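J.: Residue 74 in the working numbering is what sits at position 74 of the sequence shown, and the numbering runs on without skipping anything.
Simulated from the structure, these hints should not be mistaken for lab results. Only a predicted model underlies this, so the values are computations on that prediction, with no experimental measurement involved. Just to be clear, a hint being listed does not mean it is correct.
To be verified - Between beta-carbon pairs, the in silico distance windows are:
1) 413 with 337: 18 to 24 Å
2) 39 with 251: 40 to 46 Å
3) 252 with 469: 19 to 25 Å
The beta-carbon is built from N, C-alpha and C at its ideal position, and this holds for glycine as well.
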Amino acid sequence: MGLFTLPTVALFILLTLSLAFVHEGIPTTLDGPFKPVTVPLDKSFRGNAVDLPETDPRVKRIVKGFEPEQISVSLSGTHDSVWISWITGEFQIGDNIEPLDPKTVSGVVVYGRYGFPMTNRSTGNNSLVYNQLYQFEGLKNYTSGIIHHVRLTGLIPNTLYQYQCGDPSIPAMSRVSYFKTMPVSGPKSYPSRVAVVGDLGLTYNTTSTVDHLLANRPDLLLLVGDISYADLYLTNGTGSDCYSCSFPHTPIQETYQPRWDYWGRYMQPLVSKVPIMVVEGDHDIEQQAGNQTFVSYSSRFAFPSEESGSSSTLFYSFNAGGIHFIMLGAYTAYNKSADQYMWLEKDLANFDRNVTPWLVATWHPPWYSTYVAHYREAECMRVEMEDILYKYGVDIVFNGHVHAYERSNRVYNYTLDPCGPVYITVGDGGNREKMAIAHADEPGNCPEPCTTPDKFMGGFCAFNFTSGPAAGKFCWDRQPEYSAYRESSFGHGILEVKNETHALWSWHRNQDFYGYAGDQIFIVRQPDSCPVTANVTQNN
């Protein structure tokens, strides 16, 4: 065959087929920046933004005694470790609650590779009970069942495991379930499909989103904040689409904590098999007595905070194959002297582009959203953090909060920039607050600047633009050039990283057939054209 060996020919054919696949009808970010597109509102589809009632079989407690329920898997810091979480015992809500003793039930996981005996055993020491307490007369207090978090270590990458969790001494063990470990971190190694969804809640729209998501067979689920929406309820179980509209005189924003248990039961068939990684949203704040916040969020999920050097469940990082994910907290201090910022600097300085070429950031409220809802609400966070994310070359940012879908062109500081991240808002998971429809650039829709700051974090950083087509204005008078595509519809997204430079992003609407993508693009990294600050190992 002359100069061409069989391996060389095979490699050439593979590269040719890969390039043909990449460019066959699917645009890439190299084709951009794209002319802004707004898909007209489909008024025939409104979904069903009504919460599942407590009588729905999918949210009712079906286990007995101290048998495990609300089982979930989450990733640890590296591919060889995961967390298994579950709850035993029943919650209590009322005036006279008596918390369960976590020491009365052990947390044990028995596991092994699929097809082999489950001879491995891990015992946890992270069992806990949390309370949601209110000091105001007439409000009902809540105490959870016993929450267990058990870490499994020494796992083989990219391998299917089977497991049972519970307390074998009672005995009270779960049925056998399965999970697959992440591939080893490296530039040629990626999870096949990462599902991304935000503002999920527990409505009939949620069930449609989850059904469509399951059909795409993800290896990992990212939930970018606003989980159960328990804070749209009074402690007596009365709910509303708009808490402040229906209950304007309550002394504190109440919650109905059993909605978290309903959510955990509904999600178990998915998250007991597919690892779920969450970051907090504003509906997860849930202030209670003693000015405590995020207690349910921080208690119910396992986080690789310690493994990633973080002191908080509100910000952390992890690897999934050749992707480094940084999960940032928009509802905790993010200024340059805060713990979160200093942790972020250290995390970004230590991650290795030769091992994890892709850098993906996630937090709840978007910086680049053109909807009226929450318009420029997180501007103070952007002012503090955008420079460092740009400096280290973040490739993709995922946000929620706005209940619609939007994808940006590559952007930095409101200016088109071929080296800026692609920002994707997927706050369209299906919660009961319904869909965001109005755009800030449409006539009469521009909010007053004083109405935009985040109510929890405070601060005012959103001023009129000083340059570009919107100079001197608070809003554009047309869809901004950094907004590539926007549409008001419920759905979820799938990220498929193909190699060190190409990742396929697909957004799936609930009203479409399974597998059909409403928006699709290859996001292409250009490490040679966009040099970044990064720790890179030297290949000798």
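J.: Each hint needs a verdict: does it hold in this structure or not?
T.: Now for the hints, and whether the structure bears them out:
no., hint, in the structure
1, 413 with 337: 18 to 24 Å, "holds, 22 Å"
2, 39 with 251: 40 to 46 Å, "holds, 43 Å"
3, 252 with 469: 19 to 25 Å, "violated, 44 Å"
The earlier numbered hint that this structure contradicts is number 3, and it is the only one.
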